[in-house]
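As you go down the protein sequences, you meet chains A and B in turn. So that you can map any letter, position 186 of the first sequence is 186 in my numbering, and since no number is skipped, the others follow by simple counting. So that you can map any letter, position 77 of the second sequence is 77 in my numbering, and since no number is skipped, the others follow by simple counting.
Don't read these hints as lab results, they were simulated from the structure. Be careful, since some hints might not be right.
To be verified - A few chain A residues that face chain B, going by a derived Cβ cut-off under 8 Å, partial list only:
#1 Ser143
#2 Gly176
#3 Leu179
#4 Leu219
#5 Gly221
#6 Pro224
#7 Leu227
#8 Ile257
#9 Val260
#10 Cys291
#11 Phe294
Backbone N, C-alpha and C fix where the C-beta goes; we use that ideal spot for every residue, glycine too.
Here is what each chain is made of, one letter per residue.
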Amino acid sequence: MLMLGMILRRVCGGLLTLLVVSVVVFVGASILPGDATEAILGQSASPEAVAGLRQALGLDLPAPERYLRWLAGLLTGDPGISLINRMPIGQLIGPRLTNSLFLAALTAAVAVPLALLLGVTSAIWRGTAYDRVTNITAVSLVSVPEFLLATIGVILFAVQLRWASAMATPVVDSLGGALRTLALPVLTLSFGIMAQMVRMTRAALLGVLDSSYIEMARLKGVRPARLVLRHALPNAAGPIANAVALNLSSLLGGVIIVEVIFSYPGLAKLAVDAVETRDMPLVQACAMIFCAAFMILVLAADLCSILSNPRLRVR
Amino acid sequence: MSAAAPITAPRRRIPAAVQIGIALVLFWATLAAFGPYLAPYSAGYVVNAGPFAPMSTAYPLGTDYLGRDMLSRILHGARYTVGVALLATVLACLAGTTLGLLAAVRRGWIDALISRAADALISIPHLMFALVVVAAFGTSLPVLVLMAAVSYVPGSFRISRALALDINAMDFIQVARARGEGTAYILREEILPNMLFPVMTDLGLRFVFVVLLLSGLSFLGLGIQPPNADWGALVRENIVGIYEAAPAVVVPAVAIAILTIGITLLIDGLSGSNHEIVR
Chain A
1 MLMLGMILRR VCGGLLTLLV VSVVVFVGAS ILPGDATEAI LGQSASPEAV AGLRQALGLD
61 LPAPERYLRW LAGLLTGDPG ISLINRMPIG QLIGPRLTNS LFLAALTAAV AVPLALLLGV
121 TSAIWRGTAY DRVTNITAVS LVSVPEFLLA TIGVILFAVQ LRWASAMATP VVDSLGGALR
181 TLALPVLTLS FGIMAQMVRM TRAALLGVLD SSYIEMARLK GVRPARLVLR HALPNAAGPI
241 ANAVALNLSS LLGGVIIVEV IFSYPGLAKL AVDAVETRDM PLVQACAMIF CAAFMILVLA
301 ADLCSILSNP RLRVR
Chain B
1 MSAAAPITAP RRRIPAAVQI GIALVLFWAT LAAFGPYLAP YSAGYVVNAG PFAPMSTAYP
61 LGTDYLGRDM LSRILHGARY TVGVALLATV LACLAGTTLG LLAAVRRGWI DALISRAADA
121 LISIPHLMFA LVVVAAFGTS LPVLVLMAAV SYVPGSFRIS RALALDINAM DFIQVARARG
181 EGTAYILREE ILPNMLFPVM TDLGLRFVFV VLLLSGLSFL GLGIQPPNAD WGALVRENIV
241 GIYEAAPAVV VPAVAIAILT IGITLLIDGL SGSNHEIVR
């Protein structure tokens, strides 16, 4: 019961935060003088046309009412109409979101197992050259901009070796084709999120390895690999799952850069294009989806640490 | 926090990673301060080598898409990349630390209010926040600085609040209270000095993230606008050179990476390697 209560509280807290975020996004995007009508009609439009369009778009309503309408629209899957190409935003976003989720899922499928492997092995071989090289590489990768990894990847594998394509598409016809078009973006994204996961996995394991029951097992003569995998790993699983979920959220920043570099038709590319054309309703909708995704991952991280805490599992 | 070291710990040699970090930081600080005076050409001068020239003795980093000397472009851009990010980081940390101290000392509704606001702000991915701000307010320099600063205030706030709460619960604070010291004295003389080191290392890490955020934004074409260019913008404007493997594309990105890696190594070495890096 204790655990259920905690989970419920976290979920409610998350929803509440998301509500505050929606206010921030709405206010931030509509605070400026000169509204959407000016963007659509230009500055030389007649006052009647402006007034008519304002009414049609609901811009003559007071701001709190507009906010509530916008929020209701978001929740019912109708976030309004794009200012630029006059399409319903839901239709614009739908396929883009699928594409982005596809890219993110592929990245997670590559990055998470690899990061766990590297983190666990460097904890097993703590203090060795392997451990130190892994750590320094991870620290360095955390602080490298994604576009450096991407440009080096393109120059090496697309321009020089001609193994991969510099453009990415979500269309997968064969395994070879998928490798050609998706390997570079997926690898670029993976490097960015793996670095943190490796470090945090290692740190979580080392935290457990320093406890006295491990010392006991070691004194009994348990081999290092068995010590880590059988004795320490189960107890470190919670913090590690927590680290994985948290670091997947940094995917949301990386995906913006990567989709633009590889011209991948995803949600982030749509958002950047919308910013360039100052299509505010579209920017707002994309921003809310990103924030919701972020919230889900942070919540998942929280839940991992709650669920893995045996002290909360009683009754 | 790492385990407490014995007070009489023997002085150890500074680790190699920290030495490299210090050297890199000093190097870039010099470039940011004196870059424009060291540059062989002005930022807009087209040299006589054609576009996307390879590295040579005359033009050590090659030329860009218009045939301008890349070394000069980098040196002129250093001020934007390092200076703007430093300004934003210092603003963020000043505001974050002040709010953190306020929340930790006052508690009550002030603490609750600031903490909730920080929670909301921290759940907007930084680059997404930047996109919304730029879409609404444009890309002028003050907007960029403020946006980056606001974006990183919550992180700084959380850390200083947690630190101040920890210190506030310690015995020597009780002693000071019992001596009859006022809140201002306790803040200034007891709490602040004890949290200075972690706050400074946090500032360093935050600086790295601000550099990455701003250069990422410039790379998207939504940061510092031409004719000015930071290193992210330099990558963007030369991106077509990628098909000729021109140094002009890679050099500015590598410059950013060396700067950020240098600082991260320095801080990682100073604060022990098991801490988390939370954007």
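Do the hints match the structure? See the list:
no., hint, result
1, Ser143, "4 Å, holds"
2, Gly176, "23 Å, violated"
3, Leu179, "20 Å, violated"
4, Leu219, "21 Å, violated"
5, Gly221, "27 Å, violated"
6, Pro224, "19 Å, violated"
7, Leu227, "19 Å, violated"
8, Ile257, "6 Å, holds"
9, Val260, "6 Å, holds"
10, Cys291, "5 Å, holds"
11, Phe294, "5 Å, holds"
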